[in-house]
Amino acid sequence: MHPALLRAALAVALLVQVLPAQSIVSTQPAGPNAPSVRRIAGLTRLDLAGRSLAVSPQFEFVQSFFEGDELAAALDTNAHPEWVGVSANVYVCEHKDEIGWAMSPALVDVRGSFQTVAFVAGGVPSNRITLDSGFLSGFVGGGLGRGLDVVIDTDGDGNLSFGDWIDGGAAEPGLWLLYPTALQGPYLVTEVLYSGGNFLGQDLYYPSNIASLGELPLVVVSHGNGHNYQWYDHIGFHLASYGYVVMSHQNNTVPGVVQASTTTLTNTNYLLGNLTTIAGGALLGHLDRHRIAWIGHSRGGEGVAIAYDRLFDGTYTPTNFSISDIVFVSSIAPTDFQGTNVANPHGVPYHLWTGGADSDVNGCADCNLCQTFHLHERATGPRSSISLHGAGHGAFHNSNSGGLFAAGPCQLTRGDVNLLMKTYLLPLMEWYVKGNPAGRECLWRQWESFHSPGAPSSPCVVIDLMHREPAAGRLVIDDFETNADLALSSSGGSVTYDVDNAAAGLLDDATTSFTTSAADPMNGMTFSGSASDTTRGMVFDWNGVDRQIAFALVPGLSNTTAWDHLSLRACQATRHPLTTAVLGDLDFTVRLRDAQGASASIRISAYGGGIEEPYQRTDCGTGAGWANEWETVRIPLADFARVAGSLDRTQIVGVDLLFGPSHGSAQGRLGLDDLEFVRD
Amino acid sequence: MKTLSSFSFALGATALVAIGSLALRAAEERAATSVERQVGPVRALVLAQPFVLERPAVHTWRTEQPTFDAGYLVVLEVDPAYVQPRQTEEPVLYAGAETLERVNHGATSGRVVCVLPSARVSGGGPALDLSQTTFFFGPEALPERIRATDAQHELERAVRSGARPFPRDEVAAALARGGPLLRLGSRDDLDEIAGVMILDQAPEDQDVGTGLLAPRVR
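In order, the protein sequence lines correspond to chains G and V.
Here my numbering is used: the first residue of the first sequence is 337, the next is one more, and so on.
Here my numbering is used: the first residue of the second sequence is 115, the next is one more, and so on.
Derived by calculation from the structure, the hints in this document are not laboratory data.
Each residue gets a CB set at the ideal place from its N, CA and C atoms; glycine is no exception.
Treat the hints with caution; some may be incorrect.
Just a few of them, taken from the derived set where beta-carbon distance is under 8 Å, the chain G residues facing chain V [unchecked claim]: (1) 530; (2) 532; (3) 560; (4) 561; (5) 564; (6) 566; (7) 588; (8) 590; (9) 591; (10) 592; (11) 594; (12) 595; (13) 610; (14) 613; (15) 696; (16) 703.
Far from chain V by the CB rule (all over 12 Å, computed), these chain G residues [said to hold, decoys possible]: (17) 438; (18) 562; (19) 694; (20) 716; (21) 849; (22) 851; (23) 892; (24) 971; (25) 990.
This is chain G alone, in the form it adopts within the complex:
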């Protein structure tokens, strides 16, 4: 409805119903003594905040911005033609939920004043506005994310009221403005070194003002072999400065990974059982024993997964916590000595760090226990992964007395890697441990286009991210786990393709080197470590001509309106001639088709980056290029409808992946997996 008409309708409504602008639609109970509060009715909720793109679809509606980023908004006047020719005031306000806005509806612009915008025809490309050029602060004290709501004040009354349009104003804000996660947080940190006895040495970090901070989550760090528990200051100080308690402990890694898992368990138990004496009792009443995260490095990285498995299997019973208290497990360059049934994070939210230059847990095809991705692939719950080209094994701790254990070109310094860790670690912990969604997009948006100011920016910094939602947040089109026939997706739809050399199977290099070979279609794959690992996927190539893979959707998948993104993960095939022909991001196009024959296409590079080239490390056979490095690509489903307004998202019948000169990179060889619709 045109805003003018809307206002007229509202006036009639007011006359007839004699209702206040904040009409009653519900009463929110907020405790026995809370006053009844009436939500504001008649608001239109939609995405407004985002960022401009250089190519179609011209704009991406996103939720997170780093301080210093341009903060933009857009209104799709193709979808909402009533706005053409209308001017309205646009506000950026501190976030309030529905009750907050109802109690205090005045629009107070955090920039000092609102801006008046004249909306025109032409859809989003013609109606992109800059809300802020990087001047707003994201600082919120402890935690992460300043929530802001974007409001179009249709009636110009300076209040959020009936008929206004808003991005946010509910449980979540319209956007999150993030303080640079590379920077230390607001709290001073106290570090205490102590020991509870044999293999109970602990290095503890907590906010010095913890007495005023309530109950804080606990992050336990389990070091690797040849490492030391005093080598994780970068994690301890950083997280504690944002309101976490971090404990790094002496880890019994040399006998093996099972012993390491024992010391993860015993040290966690010891800390929780001795809060009255540790650090003079400073943590007593201020540690949330139900929000515990484990981070382990190398043997310790496997150890934390084993520790979780022992809780899962009931073979270890701690006295001061239980399995439900472990809410997140993260492994830095983990080994895999114990295999599928023991080194297994099961359904706990899991995360993996991998260094491309790691010369210890080196990832080569000839060393099964050195392949970091096995544990990640075994995780059945939500999971995330970050791969850093040029990062050596010893770059993940902070001691210069330990070697870098790095091989390959363009190596990152320990300082760079430590800083990159801090940058990514905070949003990771905020999401998985605290449930704070402010930095959630840091886990899957392309690093090239979204990362903290202050992060190292040399050309050697190349980062690939994988992210998978919990089962309820995914609708799988094809994950290749069932229906071995390439012509049938795992969801039961037909698959047609004319790409070359297509094959599906276990994502496990069949040889002991990364030397490319036609006989080893899964060359460079390191997801599966044993016969009982099951991750499967597809590989294929194209060379100079247009090719495609068309996934037909079964009826149960056709209505996409409940889903936010089309998601897939892909990798370039290391050392393959079609990979080495052009070293750089690989690009292709995704097309959605509906039942009426309408279609919409978007290149994956539109959002920044593509499928990264393999890290150009030699050894492990002949040629250059290390293990295949997967990354997640997500395209907002709403963008397809915006690109082709006639596309009916309730009746999508096919998802096509288009390759070749007309659609992106002229040639390439790709691995493909987990094609699915996801909900953030």
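Given chain G, put chain V in place with the hints provided.
Below, chain V alone, put in the same frame as chain G:
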């Protein structure tokens, strides 16, 4: 990085006395224990300190995880190539048919401080006769996966390959450097002794040493 000075106040009185004499002795004699034997990667027995524990400890370096209440803290001089820390399997250090617990890495100095568990002579010290004990590196493995039978097998293989105990005079000298039997309350006390030993013998492992000397929560 932490310094030793901030931790030493926490050491028990018994341990302090023992550590003091131990460190002094070791410092005096370190220069005198230059490597003269080059018979294999385990080059010398530098120091051997017998101990007994009031409360038994668990030897986590073998599958069976036996308990022990006596043994030796030994300092071995080894080929550093054999003790480079890595995440994959490492050569396993044996004393006879028992795995040694390597407390530090010694990757630069080649000096490795180890706990060698032993049976205990009734009312006395460790039963193990070091002059009858062969020290050797076995194949790469995770010690936690090694059973007693495996260790016996590795000993036999090592002997067949020519490995022999250290000469009696070398053992006697090492025991002399170690000093009289230490009667300790628990494994925790042993860690403090080992920590000082590491700082003295393998200064590159300072963080391991200081880590072992962290103030005890009482």
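Quiz prompt | Interface hint for residue 561(G), Cβ within 8 Å of any Cβ on chain V | solution = holds (5 Å)
Quiz item: Can residue 588(G) be said to touch chain V, with a Cβ gap under 8 Å?
Solution: Status holds, d = 6 Å.
Self-check item: No chain V beta carbon within 12 Å of residue 892(G)'s
Solution: holds (45 Å)
Exercise. Taking the shortest Cβ-to-Cβ distance between residue 438(G) and chain V, state whether it exceeds 12 Å.
Key: Nearest chain V Cβ is 51 Å from residue 438(G), so the label holds.
Self-check item: Agreement of hint residue 560(G) with chain V interface, Cβ distance less than 8 Å
Solution: holds (6 Å)
Quiz prompt | Given hint residue 592(G) near chain V, where the shortest CB pair must fall under 8 Å | solution = holds (4 Å)
Quiz item: Holds or violated: is there a CB of chain V closer than 8 Å to the CB of residue 594(G)?
Solution: holds (6 Å)
Quiz item: Holds or violated: is the Cβ of residue 595(G) closer than 8 Å to a Cβ in chain V?
Solution: Cβ of residue 595(G) sits 5 Å from chain V, so the hint holds.
Quiz item: Looking at residue 849(G) again, its CB stays over 12 Å from all of chain V?
Solution: The claim stands: residue 849(G) keeps its Cβ more than 12 Å from every Cβ of chain V (closest is about 17 Å).
Quiz item: Holds or violated: is there a CB of chain V closer than 8 Å to the CB of residue 703(G)?
Solution: holds (7 Å)
Self-check item: Assertion that residue 990(G) lies outside the chain V interface [Cβ separation over 12 Å]
Solution: holds (46 Å)
Quiz item: With a cut-off of 8 Å, does the beta carbon of residue 610(G) approach a beta carbon of chain V closely enough for the hint to hold?
Solution: holds (6 Å)
Hint compliance for this structure: hints 18 and 19 are not met, and every other hint is.
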